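A.B. asks: Sequence:
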Amino acid sequence: MDTTARILAFITNRFPQAEITDTEDIFSLGYINSLFAMELVMHIEKEFTVTIPNDELRIDNFRTAKAMTELVDGLRSAVVR
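The sequence shown runs -1 to 79 under this note's numbering.
Hints listed in this document are in silico derivations from the structure and should not be mistaken for laboratory results.
As the structure is a computational prediction, the values presented were derived from the model and not from experiment.
Take these hints with a grain of salt, some might be off.
[As the list claims (entries may be wrong)] Label-pair restraints from in silico Cβ distances: (1) E17 / D53: 15 to 25 Å; (2) N31 / E54: 18 to 28 Å; (3) V39 / A3: 12 to 22 Å; (4) P51 / P14: 27 to 37 Å; (5) A3 / F34: 13 to 23 Å; (6) G28 / A76: 31 to 41 Å; (7) R74 / N52: 15 to 25 Å; (8) R12 / E54: 14 to 24 Å; (9) G28 / R56: 17 to 27 Å; (10) A76 / Q15: 30 to 40 Å; (11) L33 / E54: 11 to 21 Å; (12) T10 / E43: 15 to 25 Å.
[Unchecked claim] Here are the simulated SDA-like cross-link-like pairs (lysine to any residue), alpha carbons at most 25 Å apart as the crow flies: (13) K64 / E17; (14) K64 / A76; (15) K64 / E45; (16) K64 / E54; (17) K64 / S26; (18) K64 / N52; (19) K64 / T19; (20) K64 / T49; (21) K64 / A16; (22) K44 / I30; (23) K44 / N11; (24) K44 / I9; (25) K44 / I57; (26) K44 / F34; (27) K44 / L55; (28) K64 / M(-1); (29) K64 / P51; (30) K44 / N59; (31) K44 / S75; (32) K44 / T21; (33) K64 / Y29; (34) K44 / E54; (35) K44 / A7; (36) K64 / T47; (37) K44 / T2.
Yeah, the Cβ is synthetic: ideal placement off N, Cα and C, and Gly gets one too.
Take these sequences, add in the hints, and give me the full structure.
C.D. replies: Now the structure itself:
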């Protein structure tokens, strides 16, 4: 399963009624509150073995599954360098 699919699986596991694509704004759909946002950050860090620095904890990095995938890919690339 690729990164985007794994992120979407986590979200839809929590919200089974959600039909979310990789480009839909999950904040505007009303699924995200501050508690779930922190759970999402913790899940991404654990699932993908990355550490999200404070300066990357911006809403735009978590607005869509695609944005989260790009964040994870960028963090992984930074570690490899």
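A.B. asks: Does each hint hold? Answer for all of them.
C.D. replies: Now the hints, each set against the structure:
no. : hint                  : in the structure
1   : E17 / D53: 15 to 25 Å : violated (32 Å)
2   : N31 / E54: 18 to 28 Å : holds (20 Å)
3   : V39 / A3: 12 to 22 Å  : holds (19 Å)
4   : P51 / P14: 27 to 37 Å : holds (32 Å)
5   : A3 / F34: 13 to 23 Å  : holds (19 Å)
6   : G28 / A76: 31 to 41 Å : holds (32 Å)
7   : R74 / N52: 15 to 25 Å : holds (18 Å)
8   : R12 / E54: 14 to 24 Å : holds (22 Å)
9   : G28 / R56: 17 to 27 Å : holds (20 Å)
10  : A76 / Q15: 30 to 40 Å : holds (36 Å)
11  : L33 / E54: 11 to 21 Å : holds (20 Å)
12  : T10 / E43: 15 to 25 Å : holds (20 Å)
13  : K64 / E17             : holds (15 Å)
14  : K64 / A76             : holds (18 Å)
15  : K64 / E45             : holds (16 Å)
16  : K64 / E54             : holds (15 Å)
17  : K64 / S26             : holds (15 Å)
18  : K64 / N52             : holds (20 Å)
19  : K64 / T19             : holds (9 Å)
20  : K64 / T49             : holds (18 Å)
21  : K64 / A16             : holds (16 Å)
22  : K44 / I30             : holds (19 Å)
23  : K44 / N11             : holds (16 Å)
24  : K44 / I9              : holds (15 Å)
25  : K44 / I57             : holds (19 Å)
26  : K44 / F34             : holds (15 Å)
27  : K44 / L55             : holds (16 Å)
28  : K64 / M(-1)           : holds (15 Å)
29  : K64 / P51             : holds (19 Å)
30  : K44 / N59             : holds (17 Å)
31  : K44 / S75             : holds (17 Å)
32  : K44 / T21             : holds (23 Å)
33  : K64 / Y29             : holds (16 Å)
34  : K44 / E54             : holds (16 Å)
35  : K44 / A7              : holds (15 Å)
36  : K64 / T47             : holds (18 Å)
37  : K44 / T2              : holds (15 Å)
This entry does not satisfy hint 1, going by the numbered hints stated previously; all others are met.
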